[in-house]
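Student: Protein chains in written order, with my numbering: chain A, 931 to 1168; chain B, 931 to 1168; chain C, 931 to 1168; chain D, 931 to 1168; chain E, 931 to 1168; chain F, 931 to 1168.
Note that these hints are calculated values from the structure, not bench results. Because the structure is a prediction, the values reported are computed rather than measured. One or more of the hints may lead you astray.
What the hints assert, rightly or not - Under 7 angstroms between C-beta atoms, here's a sample of chain C residues computed to sit facing chain D: (1) L1074; (2) R1095; (3) E1098; (4) A1099; (5) A1131; (6) S1148.
Cβ atoms here follow ideal geometry from the backbone N, Cα and C, with glycine treated the same way.
Number of protein chains: 6
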Amino acid sequence: MHIVVTNCNTTQEMTEEIVRGARAAAGPGTTVTGLTPAWGPESAEGWLDSYLSAAAVLDTLRTYEGPRDAVVMAGFGEHGREGARELVDVPVVDITEAAAHLACLLGRRYGVVTTLERSRGQIEDSLYAAGVAQNCAAVVGTGLGVLDLGDVQRTQEAFVTAAERAREAGAEVLVLGCAGMTGLQRAVGEKLDLPVVDGVAAAVKLAESLVSLGLRTSRVGSYARPLPKRRVWGAGRG
Amino acid sequence: MHIVVTNCNTTQEMTEEIVRGARAAAGPGTTVTGLTPAWGPESAEGWLDSYLSAAAVLDTLRTYEGPRDAVVMAGFGEHGREGARELVDVPVVDITEAAAHLACLLGRRYGVVTTLERSRGQIEDSLYAAGVAQNCAAVVGTGLGVLDLGDVQRTQEAFVTAAERAREAGAEVLVLGCAGMTGLQRAVGEKLDLPVVDGVAAAVKLAESLVSLGLRTSRVGSYARPLPKRRVWGAGRG
Amino acid sequence: MHIVVTNCNTTQEMTEEIVRGARAAAGPGTTVTGLTPAWGPESAEGWLDSYLSAAAVLDTLRTYEGPRDAVVMAGFGEHGREGARELVDVPVVDITEAAAHLACLLGRRYGVVTTLERSRGQIEDSLYAAGVAQNCAAVVGTGLGVLDLGDVQRTQEAFVTAAERAREAGAEVLVLGCAGMTGLQRAVGEKLDLPVVDGVAAAVKLAESLVSLGLRTSRVGSYARPLPKRRVWGAGRG
Amino acid sequence: MHIVVTNCNTTQEMTEEIVRGARAAAGPGTTVTGLTPAWGPESAEGWLDSYLSAAAVLDTLRTYEGPRDAVVMAGFGEHGREGARELVDVPVVDITEAAAHLACLLGRRYGVVTTLERSRGQIEDSLYAAGVAQNCAAVVGTGLGVLDLGDVQRTQEAFVTAAERAREAGAEVLVLGCAGMTGLQRAVGEKLDLPVVDGVAAAVKLAESLVSLGLRTSRVGSYARPLPKRRVWGAGRG
Amino acid sequence: MHIVVTNCNTTQEMTEEIVRGARAAAGPGTTVTGLTPAWGPESAEGWLDSYLSAAAVLDTLRTYEGPRDAVVMAGFGEHGREGARELVDVPVVDITEAAAHLACLLGRRYGVVTTLERSRGQIEDSLYAAGVAQNCAAVVGTGLGVLDLGDVQRTQEAFVTAAERAREAGAEVLVLGCAGMTGLQRAVGEKLDLPVVDGVAAAVKLAESLVSLGLRTSRVGSYARPLPKRRVWGAGRG
Amino acid sequence: MHIVVTNCNTTQEMTEEIVRGARAAAGPGTTVTGLTPAWGPESAEGWLDSYLSAAAVLDTLRTYEGPRDAVVMAGFGEHGREGARELVDVPVVDITEAAAHLACLLGRRYGVVTTLERSRGQIEDSLYAAGVAQNCAAVVGTGLGVLDLGDVQRTQEAFVTAAERAREAGAEVLVLGCAGMTGLQRAVGEKLDLPVVDGVAAAVKLAESLVSLGLRTSRVGSYARPLPKRRVWGAGRG
């Protein structure tokens, strides 16, 4: 089975980190291919970045010609999911919803710990649209930007602090609200003795599940195929 | 990996049908064991049956001494799920929530097609408690009892009719709201050209996913271990 | 009028305490009979206990042969209510919903003060299913177990502390989230100058109200009579 | 126990009809006094009437000098309830909320059958504010005005038709959304084999319940006593 | 264009302050006329006052014979809005809803800062009925009464403190929950660096918008014209 | 005052039609400039188009160097709104939310009539995020594509039919769910005797209102300025 994982930004290192996480989660017969958009933001932090990222990721999926049995979209809280469902003929799983789906199975309420506080609104909206917001007790930011996650010690501390706030708000399970944070999962989980769900891993398992059950996106209603028409994919300006 | 699947009633044939469905969905390294409660109702239709079933299934899980890496609870809309999460140390997935989780990934709204109209309330409540009710467009009954599903032709027609009502209510994906209906899945799906999710298959894949990611039920808050105390499991009366 | 009050656990002393509270609330022409399940948990704390209790209480009601004009179910946040409505031909009132119904008449928001924090989820779900969760500002646990309520001084202090948290969350009325705490009602109410509703008393008055108005459970839809079928009520194992 | 029942309009015949219903529901030791506002609308149909009625009823309660242990407000869906709770020191029960509270105990969803379609919004808002809207499946109008209810045959037919629409929308219990319709209750209930709750009767029983349990409106927060200030109660113009 | 602004109380000075605010917001071609009810409360604080105010304001609008193209109702959280929509043939905008509508355009969540804590419930209900409660993060009281707002320094401090609480609850925009506080708007906004919306100004702009687009209240359904009938507008007692 | 109106697609004729509508609604001192994205879809129908459109519109706003006091985004149900709020320093009003805001002032429930049924989900999500979904009774599609609206007779009939369905679902006010349909507004409104709100006109009035009151997007929280970073705006591929 071929799973294509799309990074939501143009930073190649992040794609690689995401692919590592995806491969660690994938079953024996699954091949993972990471795609880095040729354009878009170098990191997605806020709505402007998210909409730019959505178009770039859709363009990436549109022009990708390799094999795929499913698509995993690895931007936590980022836009584009429904467009990808229209575009491709294979199942599409976004890491935001995927983490929430598995988290719901592990506790009565879950919490999301993410990077910047400004991402909270996007994440809440994304969980709502995916139909899994009800049992989310809180989305808490750490104050760290996506590209600041290099300092491991500081990052862990910030995530543990945010996770404690989520637990006080009622979270019994944590979701890491950012792609490419595999190391954090263990550290935070051990510190708080709570299950911690990583979106990339969750999405890979859900994608494998859908493929192995032969389930595909419904074409009735919301996710009908895009109508044929003239579309221009960007001006190519920096 | 060992998955234990619990039937919600005492009808052995139904356990076997459920186990067949579970095995068809399971991955290569997964062993499926079906458990039939030694007591409870011969079929679960309504709240009285459901509460009796819940206690019987919990007793079954409590006294089971074989291997298990995960539990799948195969009673659609039946009670007991949260009690099982307290009781066992492995992930527990109920087929009601499992089908809804996968359905949410395949369309913007899903619908549930079930047996008797009287089960609607239980199913709605179960989806709500699981945190996945929001995108459910409708729960529609066929008017057939659990033990009437033998007549294949009549059953298919009744399910297709109910499925059309769900689609009119906005469902883009269907969930079969009953265990042991593998054959129906194909028939209804082809007739309406909609993806159809079977709860048993969905739950097996989700259970495998949780196990392979090393995720376990949170012990903080709702699903803490049962307190040690005196409990008597039934009077043994007919 | 005969009101049957079911304890949710096997502890006879608690049944007696509940019956005392029920009798204090009952009108002049009302007789109260307390039933203690012959099996089940010695106290109900958590979902496992609650489902076991639900089956045991239903079995108790099923095999009870004395007179009854209404049933009061005296397990706060415990399951079984809807099954009892199917089973018996007289009105059924659960103390959880009863307390909430009366509390809604006394203030714009109410709060529930209960024993263990782990019961919060069950209580929230029970209020939701009963249709009276909307104006509940908070469910707060005291950290005391059901069988620890003997130490009056400590219990009062713990309940007052929890009640203050509920009031800060917006509660203008308090509900005692546990059966058999008649003494607490006065102590907590006086300390905080808030009305305090006891579920057993509330349920008795609501049951009397329904009976005197000639109102019975609807048999259309959810609470139709149980279908005739083979049911085995427990294995009788300890 | 003295229960004061306030009509929401100036039509004396309606007060008498309401008092008849209240007395039929009241317990042996309860005295019912009906109050007709000295001003306001001759019937309350729509928001303008409802706000005028609210002020007139509050003025009536303010200037009433007889005994009272509880107040029943007999305007279905009409305003004023919260103001009365501030004003008087005894429990206040509105027939809208009262009917809904009892209806919730009799089925999983209830429906309201009322006079004019234009009242639907007020009733929905009133149920929502009272905290009991969740399980309301539908509010259905008959198209008959309050003062057209004299034609018994036509009224019954219109209510049965509306009740059937409510049942199709999921109602398992009916609420008569108008004061002074005691006769209808039996006719509609028998025709549809559903329990039918009359608000006046329900409110009397709830008021008696609160009084006999010694429960009073909370003075903390929303329903604190009105502040002393200059208020002029109307211009006395026609 | 003629906009009639109704004060919700009988205090003439407040009408003048409101009219000043309305005129400052009005476009070049707009004339503002302030109306002070001839009866009602001298200030509206709580439900009793609010219902009395609603009737008095409706009586004022009913008997006003001057020109009007739109009505602005300047009582924050006060009742009467829907009755005015029935009564007059021109658009009606209430300052509560108006402030919320504009606030929604300026941030993802808004907060309301009002006078007494006891007004919170009315404001929440009013926002809900108007359909704009969803993005309200908090309604916070300052503890100051309407007629205490004279002490500018103390008032500003109290509002800034309350505004900070709203911001902590997630508000990105503030709404001043009281008429006649134009000066506060600048002070609070500068202190917290948040946009602050004044209801009177917002309502004037929305009223002008509706008038200039030729939009009028729908007469289908909820806001049909009042039925002709006998109504008496108050007893004229003090 | 300068209002910039962005078309959501690359069809110049549609920009012109939108600008005509905007100018008809604008006040005397307002200048309207229409912007057509240099890239993106020729019409926006579905999520893929919508995300592509969002990025293209943001790029258009980013590179626009003329004067602006406010931005009106003229894509009904299309994405991008929140990104524009981050990007520009002037108020941003989207026609979807604008129409809903004004509609809420004219009736208790409103309905949206749009082009293709597949747009329903996007519109519902957009209204929800804007905080004005609660009073939306229905979003109804006509089955006509954006570029099929040329046939006036057929278009009017299709819209009237859809509008009747919205009215049956409870809508008392209609919103035209598509930009550039000024003619339709009168035709549909007259046929059904309901107020009809056009999003472009509504957005222009709201934008003028915000500008004239000196209100700007909050920079606290969700809509903080975009972080400085490397972004590439498209590959320029067809």
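Student: All the hints need checking, so say for each whether the structure fits it.
Tutor: Results for each hint:
1. L1074: Check failed: Cβ of L1074 (chain C) comes no nearer than 25 angstroms to chain D, outside 7 angstroms.
2. R1095: violated (14 angstroms)
3. E1098: Violated. Min distance 11 angstroms.
4. A1099: With a closest approach of 11 angstroms, the A1099 (chain C) hint is violated.
5. A1131: holds (5 angstroms)
6. S1148: S1148 (chain C) check passes; min Cβ-Cβ to chain D is 4 angstroms, inside 7 angstroms.
Of the numbered hints listed earlier, those contradicted by the structure are 1, 2, 3, 4.
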